[in-house]
Amino acid sequence: MRIAEFDESGKLIRVAETERIEKTLAEWQRQLTPLQFQVTRKEGTERAFTGKYHAHHGDGFYRCICCGIALFDSRTKFESGTGWPSFWAPIAKENVKQLHDNSLGIERTAVECARCGAHLGHVFPDGPRPTGLRYCMNSASLDFVPRGR
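Going by the numbering used here, the letters in the sequence shown line up with residues 2 to 150, in that order.
Hints are supplied without guarantee of correctness; some may be wrong.
[To be verified] Straight-line distance between alpha carbons at most 25 Å, and here's what the computed PhoX-like set of lysine-lysine pairs gives:
1. 78 with 12
2. 78 with 94
3. 24 with 78
4. 53 with 78
5. 12 with 24
6. 43 with 94
7. 53 with 43
8. 53 with 98
9. 94 with 24
10. 43 with 98
11. 98 with 12
12. 98 with 24
13. 43 with 12
Simulated from the structure, these hints should not be mistaken for lab results.
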């Protein structure tokens, strides 16, 4: 599989071939908090307005809590009013995967980490310009890293 790698300033370093990260559920459970495990490995959703990043405005990157791959740049974050961190684009299309989701009896598009398969949230077609998309993510699936570190 191919993923995009970025330096601490947000500059693309390279798109590289890498192996998918595979672990047992027991291994993920030892690595993650109960909420992180429920969201990322069991496709759960944290309650609206409870996640640590829904109102976060730091300058940096949001990485996968499970494998550390860069997923979103804070420059694409916007206030959606939904109670979850929302972005109008991922940092690189290679780093996220979109899947059909009909789990609630409605058509949705789930978003997961391309490298480890962690459930991140959903993408909706009601976001701002320039993409018109709203990547509505769970804070529990993300780890914020300030730019320049």
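Hints the structure fails to honour:
Of the numbered hints, 3, 5 and 13 do not hold.
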